[in-house]
Amino acid sequence: MSTRRDTLIKLGAVSAAVAAAMAGFRGLLASTPANAATPARAYAVTRTDAEWQKLLNADQYQVLRKAGTETPYTSPLNKEKRAGTFACAGCALPLFSSTTKFESGTGWPSFWKPLDKAVVEDIDTSMFMKRVEVLCRQCGGHLGHVFEDGPKPTGLRYCMNGVAMNFKAA
Numbered sequence: 001m002s003t004r005r006d007t008l009i010k011l012g013a014v015s016a017a018v019a020a021a022m023a024g025f026r027g028l029l030a031s032t033p034a035n036a037a038t039p040a041r042a043y044a045v046t047r048t049d050a051e052w053q054k055l056l057n058a059d060q061y062q063v064l065r066k067a068g069t070e071t072p073y074t075s076p077l078n079k080e081k082r083a084g085t086f087a088c089a090g091c092a093l094p095l096f097s098s099t100t101k102f103e104s105g106t107g108w109p110s111f112w113k114p115l116d117k118a119v120v121e122d123i124d125t126s127m128f129m130k131r132v133e134v135l136c137r138q139c140g141g142h143l144g145h146v147f148e149d150g151p152k153p154t155g156l157r158y159c160m161n162g163v164a165m166n167f168k169a170a
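The sequence shown maps to residues 1 to 170 in our numbering.
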């Protein structure tokens with residue numbers, strides 16, 4: 001016969017096991033690069049992990065090098081309306097023209113087309129879904145994802161992390 005104490009001990013053990021499993025699951029999602037299944041590319045700009053950490057601030061490092069995602073509506077670049085160019089925060093490669101930027105309502109800077117030869121795309125199967133990841137062609141930094149719900153003329157929405165880019169006014 002189980003006592004109340006035995007039942008509470010068992011419930012506590014089950015709760016602890018579930019919490020540990022969930023913590024491990026969240027850690028697995030957070031530490032899995034978006035492009036983990038993609039073969040490594042050779043990039044023109046390469047640095048050691050320590051060099052990237054020294055060059056980038058913590059948020060830039062998390063997004064560009066660890067395929068993180070910034071919180072929506074936190075980037076000043078989301079509201080940037082001036083004419084100019086958006087460049088990679090990791091290597092300064094020009095990525096997008098302000099002429100292709102549009103208000104997507106998502107909270108991230110969005111564009112309907114990158115500059116020619118500015119980005120590469122990979123299949124991202126993290127987070128239990130299939131998406132198209134957008135990387136800087138020069139340094140391989142994670143910029144965001146591209147979706148097929150954008151405006152004309154391309155119908156594409158390049159949903160970029162603002163922290164992964166710098167803006168240079170024309």
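Since the hints were derived computationally from the structure, they do not count as laboratory data. You may find that some hints are simply not true.
Said to hold, decoys possible - With beta-carbon atoms standing in for the labels, derived distance ranges: (1) Ala42 / Thr74: 26 to 36 Å; (2) Ala169 / Asp116: 17 to 27 Å; (3) Asp149 / Ala83: 21 to 31 Å.
As the list claims (entries may be wrong) - Calculated cross-link-like contacts (lysine to any residue; reagent style SDA-like; alpha-carbon spacing at most 25 Å): (4) Lys168 / Arg131; (5) Lys130 / Gly107; (6) Lys79 / Pro94; (7) Lys117 / Asn78; (8) Lys168 / Thr74; (9) Lys81 / Lys117; (10) Lys152 / Trp112; (11) Lys130 / Lys168; (12) Lys79 / Gly155; (13) Lys168 / Cys139; (14) Lys168 / Tyr61; (15) Lys168 / Met129; (16) Lys152 / Cys91.
In this text, a Cβ means the ideal position worked out from N, Cα and C, and glycines have one as well.
Hint-by-hint comparison with the structure:
Ala42 and Thr74 have their C-beta atoms about 33 Å apart, which keeps the hinted 26 to 36 Å range intact. At about 21 Å, the CB distance of Ala169 to Asp116 agrees with the hint of 17 to 27 Å. At roughly 26 Å, the beta-carbon separation of Asp149 and Ala83 lies within the given 21 to 31 Å, and the hint holds. A C-alpha spacing of about 29 Å is found between Lys168 and Arg131, which places the hinted pair above 25 Å, so the restraint is violated.
Taking the CA atoms of Lys130 and Gly107, the gap is near 21 Å; set against the 25 Å cutoff, the hint holds. With a CA separation close to 19 Å, the supplied pair Lys79 and Pro94 stays within the 25 Å bound. Using a Cα cut-off of 25 Å, the hinted pair Lys117 and Asn78 holds, with the two alpha carbons roughly 23 Å apart. With a CA separation close to 19 Å, the supplied pair Lys168 and Thr74 stays within the 25 Å bound.
Distance hint between Lys81 and Lys117 is fulfilled; the C-alpha atoms sit about 24 Å from each other, no more than 25 Å. Restraint check for Lys152 and Trp112: satisfied, since their Cα atoms lie roughly 8 Å apart, inside the 25 Å limit. With a C-alpha separation of about 33 Å, the suggested pairing of Lys130 with Lys168 is violated against the 25 Å cut-off. A distance of roughly 21 Å separates the Cα atoms of Lys79 and Gly155; the hinted pair therefore holds under the 25 Å criterion.
About 19 Å separates the Cα atoms of Lys168 and Cys139, which keeps this hinted pair within 25 Å; it holds. A hinted pair counts as satisfied when its Cα atoms are at most 25 Å apart, and Lys168 with Tyr61 qualifies at roughly 20 Å. At most 25 Å may separate the alpha-carbon atoms for a hinted pair to count; Lys168 and Met129 exceed this at roughly 34 Å. Between Lys152 and Cys91 the CA atoms are separated by roughly 30 Å; this puts the pair beyond 25 Å, and the hint is violated.
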